[in-house]
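Can you make the complete structure from the sequences, with help from the hints?
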Amino acid sequence: DGGITQSPKYLFRKEGQNVTLSCEQNLNHDAMYWYRQDPGQGLRLIYYSQIVNDFQKGDIAEGYSVSREKKESFPLTVTSAQKNPTAFYLCASRQELVSDEQYFGPGTRLTVT
Amino acid sequence: QKEVEQDPGPLSVPEGAIVSLNCTYSNSAFQYFMWYRQYSRKGPELLMYTYSSGNKEDGRFTAQVDKSSKYISLFIRDSQPSDSATYLCAMSAKVRIAGGYQKVTFGTGTKLQVIP
Chain A
2 DGGITQSPKY
12 LFRKEGQNVT
22 LSCEQNLNHD
32 AMYWYRQDPG
42 QGLRLIYYSQ
52 IVNDFQKGDI
62 AEGYSVSREK
72 KESFPLTVTS
82 AQKNPTAFYL
92 CASRQELVSD
102 EQYFGPGTRL
112 TVT
Chain B
16 QKEVEQDPGP
26 LSVPEGAIVS
36 LNCTYSNSAF
46 QYFMWYRQYS
56 RKGPELLMYT
66 YSSGNKEDGR
76 FTAQVDKSSK
86 YISLFIRDSQ
96 PSDSATYLCA
106 MSAKVRIAGG
116 YQKVTFGTGT
126 KLQVIP
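Top line first, the protein sequences correspond to chains A and B. Here my numbering is used: the first residue of the first sequence is 2, the next is one more, and so on. Here my numbering is used: the first residue of the second sequence is 16, the next is one more, and so on.
FYI, nobody ran anything at the bench for these hints, they're computed from the structure. Warning: the hint list may mix true and false statements.
Distance ranges between label pairs, derived from CB positions [to be verified]:
| id | chain 1 | residue 1 | chain 2 | residue 2 | range |
| --- | --- | --- | --- | --- | --- |
| 1 | A | Lys15 | B | Pro29 | 41 to 49 Å |
| 2 | B | Lys118 | A | Thr112 | 35 to 43 Å |
| 3 | A | Glu16 | B | Ser67 | 34 to 42 Å |
| 4 | A | Glu63 | B | Arg56 | 25 to 33 Å |
| 5 | A | Gln18 | B | Glu72 | 48 to 56 Å |
Just so it is clear, CB atoms sit at the ideal spot from N, CA and C, and this is done for glycine as well.
Next comes the structure, spelled out in structure tokens:
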């Protein structure tokens, strides 16, 4: 089955530690996205990538980093510089030039204490 | 003012009711409209998408777009307890050029509860 997987589902970290969230897709989509979801707020774009080895900052990139070494993979690192990292993180993908719909993974709930 | 406004609810309805979920927007460049359903602690699931003004129907769901009023709606007929979820509207200015970036703007979501 084609889809987007994110792991782990729940992640707990101590303040000051970097943590990497995994996102893999087998939809052969070109574009991939990372969003953050907080209660009472819409999804906010962290980073996006339209092709391999290229990515751009979204609206709230500070304290985050990404890489796109393979078409299928777009990992997100939450660094210790992110002031409020506890949130629900969602990865999405889209087939460039074919459709406008974004498809989402199941999400990772990150809790930093 | 937010580009997309959506009443957060919660909206509670009895089973079998017709549900109306709405979003308003301010950016006249938006051409592409989507509705997502999100169950608690899950990723959003695309329900419907449409480009044009008017209605689009898919089973018990109807998406309605009124570009002149900058208003979109999702209707759910014969609502079921399994429809209980948060519904997100989303929209974008359609970009279909190489290297063109499609920014999708999401509403904050309306929480729906269908009571048996």
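Range hint 35 to 43 Å: satisfied by the CB atoms of Lys118/B and Thr112/A? violated, 29 Å
Arg56/B and Glu63/A - C-beta distance against the hinted 25 to 33 Å: The hinted range 25 to 33 Å holds for Glu63/A and Arg56/B, with Cβ atoms some 26 Å apart.
Quick check: does the Cβ-Cβ distance between Lys15/A and Pro29/B fall within 41 to 49 Å? The hinted range 41 to 49 Å holds for Lys15/A and Pro29/B, with Cβ atoms some 46 Å apart.
C-beta pair Glu16/A, Ser67/B: status relative to the range 34 to 42 Å that was hinted: violated, 49 Å
For the range 48 to 56 Å, tell me whether the beta carbons of Gln18/A and Glu72/B fit it or not. Since Gln18/A and Glu72/B have Cβ atoms about 49 Å apart, the given range 48 to 56 Å holds.
In summary, the numbered hints that this structure violates are 2 and 3.
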